[in-house]
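Next come the chains, spelled out residue by residue.
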Amino acid sequence: MTMPTTDHPLRLAARADRDGLIQRHPEIFRPSPARRIRTGLILALLAGLFAYGLVVLDFDAAKLVTGVGKLGQFLWFMLPPSTGTWAKFFVYLHALAETVAIAFLGTFTAAMLALPVGFLAAKNVVPNVVVHFLSRRIVDTIRGVDELIWALIWVSVVGLGPFAGVLALLCANVGLFSKLFSEAIEAADRKASEGISSTGGGKLHGIRFAILPQVLPIFGSQVLYFFESNTRSATIIGIVGAGGIGLHLAEQIRVLEYQHVSALILMILVTVAIIDQVSTRLRFALIGERGAP
Amino acid sequence: MSSAVPRLPDHQLAALGSAYAEAVSAKRRQLVLGLALFALAYVVAGIVAEVRPTTFFTNLWRFTDYLGRIFTLEQGAAAGRFVLFDPVEWMWGFDKWMKLLWETLLIAYVGTLTGAIGGLLFAFLSARNLTPNSTIGFLAKRWLEFCRTVPEIVFALIFVVAFGLGPVPGVLAIAIHTFGALGKQFAEVAENIDMKPVDGLTATGATWAECMRFAVVPQVLSNFASYALLRFEVNVRGAAVMGFVGAGGIGQDLVEAIRKFYYSDVSAILVLIIATVMVIDLATERLRHHLIGMDNRS
Chain A
1 MTMPTTDHPL
11 RLAARADRDG
21 LIQRHPEIFR
31 PSPARRIRTG
41 LILALLAGLF
51 AYGLVVLDFD
61 AAKLVTGVGK
71 LGQFLWFMLP
81 PSTGTWAKFF
91 VYLHALAETV
101 AIAFLGTFTA
111 AMLALPVGFL
121 AAKNVVPNVV
131 VHFLSRRIVD
141 TIRGVDELIW
151 ALIWVSVVGL
161 GPFAGVLALL
171 CANVGLFSKL
181 FSEAIEAADR
191 KASEGISSTG
201 GGKLHGIRFA
211 ILPQVLPIFG
221 SQVLYFFESN
231 TRSATIIGIV
241 GAGGIGLHLA
251 EQIRVLEYQH
261 VSALILMILV
271 TVAIIDQVST
281 RLRFALIGER
291 GAP
Chain B
1 MSSAVPRLPD
11 HQLAALGSAY
21 AEAVSAKRRQ
31 LVLGLALFAL
41 AYVVAGIVAE
51 VRPTTFFTNL
61 WRFTDYLGRI
71 FTLEQGAAAG
81 RFVLFDPVEW
91 MWGFDKWMKL
101 LWETLLIAYV
111 GTLTGAIGGL
121 LFAFLSARNL
131 TPNSTIGFLA
141 KRWLEFCRTV
151 PEIVFALIFV
161 VAFGLGPVPG
171 VLAIAIHTFG
181 ALGKQFAEVA
191 ENIDMKPVDG
201 LTATGATWAE
211 CMRFAVVPQV
221 LSNFASYALL
231 RFEVNVRGAA
241 VMGFVGAGGI
251 GQDLVEAIRK
261 FYYSDVSAIL
271 VLIIATVMVI
281 DLATERLRHH
291 LIGMDNRS
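Going down the list, the protein sequences come from chains A and B.
Numbering-wise, the UniProt record's numbering puts 152 at position 152 of the first sequence, and it's gapless, one number per residue.
Numbering-wise, the UniProt record's numbering puts 20 at position 20 of the second sequence, and it's gapless, one number per residue.
You may find that some hints are simply not true.
[As the list claims (entries may be wrong)] For the chain B half of the interface with chain A, some residues (derived, Cβ under 10 Å), not all of them:
1. T114
2. L125
3. A162
4. G166
5. G251
[What the hints assert, rightly or not] Covered by chain B, per the in silico footprint, the following chain A stretches (three or more residues, Cβ under 8 Å):
6. 15-29
7. 70-78
8. 119-133
9. 140-149
10. 158-166
11. 201-211
Derived by calculation from the structure, the hints in this document are not laboratory data.
Just so you know, even glycine gets a beta-carbon here, dropped at the ideal spot from N, CA and C.
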């Protein structure tokens, strides 16, 4: 770099005192070798595990190249997106409506069921350690099972169809919402409920008049956010027979109807974008533009 | 200074009072209307999704029955009893399943790392305050959006056709999804940084890449690592079901056990998956708190 002829006084001062600076901030000018070695080791470990993973998982260049070639072909055949006939289009449209209905019912029913559980699992509402621990672990377990697995289980209980999808999404979301709700409740300002108790209000009064008004907008915003994300997940549970557009998507991919695949993906993207817009608007209406999480 | 509170004459007060009552009742009407609309949507959705409460309640016993059955041994000395009476028989495939779980973890790891590196690059391109020019920023943002909106299982389905069965399509699907999700989160972190170091470097004539490396990366690295760890945890869950579409990992065995009604295997595999996810959960949470703690200290 060329030296500028005129220099800022601050910079000149700093340059004049360079040795002093180095002495005062040794960490910046010369990181300790132990730290450097540690960082290097961690990076090497991460890279090593990555390389090991590539080997174990059967990655090889030839496969990737042919795969990418096939993918390119796939993309080429995908254009233009088309569903063939109008009849087919309406079949897909119906499946899409099913998907949105599944997401809607699953999300909002789960939210209603999770409301009492959330209070039960919140430390400041039920201070009992045993109740807290048990409810948290149960919720964790429910959440730990993926919705596709729930879908498989419910299909074997109520049979194929969107109803199984609703139940699957419901289960997965009850776990999620219970956890989120209980955390929001624990973060609520306790002054309000102290005020209620000081006027002689009972525990339930405290919940109804002090905690609920504080957390309800947060809950609403979280539920709306997950409604959008659940629309996305609901598009796939059809893969295991639990209704919605996923069934058609998986089928068209298997029978290599590329144009239908792209049309379906496009339909999903548009639907998700619309729901995204609507739920963002509702969220802002609920909590105000500034309070967006 | 006078401290008298001005009191409005009665006729003005009455007007204000009625306006207030009007506002309150309008709000209440809005709430009732909203609830009615919601209830209507609920019913319509119920019809579209073919919800049949009667089937549900008549079949509910099957769910509890199912739970009971998957926790009952089918073979061995303790056949017909609770699985814990003979854990060895219950976990007969332990070695095989642990190997598959390890494969699942590797799928999640390789996918997350690949996606995170891509997300890192794209975060710098798409963050509003860092993007080299607005067209690149716009394109990068739309691309990330596409990557995260298409569910990973859909990518996996397509990749299975292109790359064949096995873990490769699973890794690629997770990598693409992670790329989209982390790219957005990273960009949001980068949009909140202190821009003074960037200005300083620009003033010394540093190139865009140098600015990113020396002014931005040190500020965002710990937050990025924390988000990447969170994503890894999510991806372990995602990788566990990749096998459903033939993209490797433990999911393959699980879906087979469910479809072929090997009841006790279902519970054994589920328990192993849940235990693994919990361990990863706890471990990454500690690491994340450690990382963020380091950030706050310095």
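Hints, one by one, checked against the model:
The criterion of a C-beta within 10 Å of any C-beta in chain A is met by T114(B), whose closest approach is roughly 8 Å, and the hint holds. Contact between L125(B) and chain A, as hinted, is not supported at the beta carbon level, the nearest pair being about 22 Å apart and thus beyond 10 Å. Restraint check, A162(B) versus chain A: the minimum CB separation of about 4 Å is within 10 Å; hint holds. Because the beta carbon of G166(B) sits about 6 Å from the nearest beta carbon in chain A, less than 10 Å, this interface hint is met.
Taking 10 Å as the C-beta cut-off, the interface hint given for G251(B) holds, the closest approach to chain A being about 8 Å. For the region 15-29 of chain A, the proposed coverage by chain B is not satisfied: 0 residues have a C-beta within less than 8 Å of a C-beta in that chain, short of the threshold of three. Remark: the region 70-78 of chain A is confirmed as covered by chain B, as 3 of its residues place a Cβ nearer than 8 Å to a Cβ of that chain, reaching the required three. Under a criterion of three residues with beta carbons nearer than 8 Å to beta carbons of chain B, the stated coverage of the region 119-133 of chain A fails, only 0 such residues being counted.
Here's how the region 140-149 of chain A fares: 7 of its residues keep a CB closer than 8 Å to some CB of chain B, so the rule of at least three is met and the hint holds. Counting residues of the region 158-166 of chain A whose CB falls under 8 Å from any CB of chain B gives 7; the rule of at least 3 is met. Only when three residues or more bring their CB closer than 8 Å to a CB of chain B does the claim for the region 201-211 of chain A stand; here the count is 0, and the claim is violated.
In this structure, the hints that do not hold are numbers 2, 6, 8, 11, in rising order.
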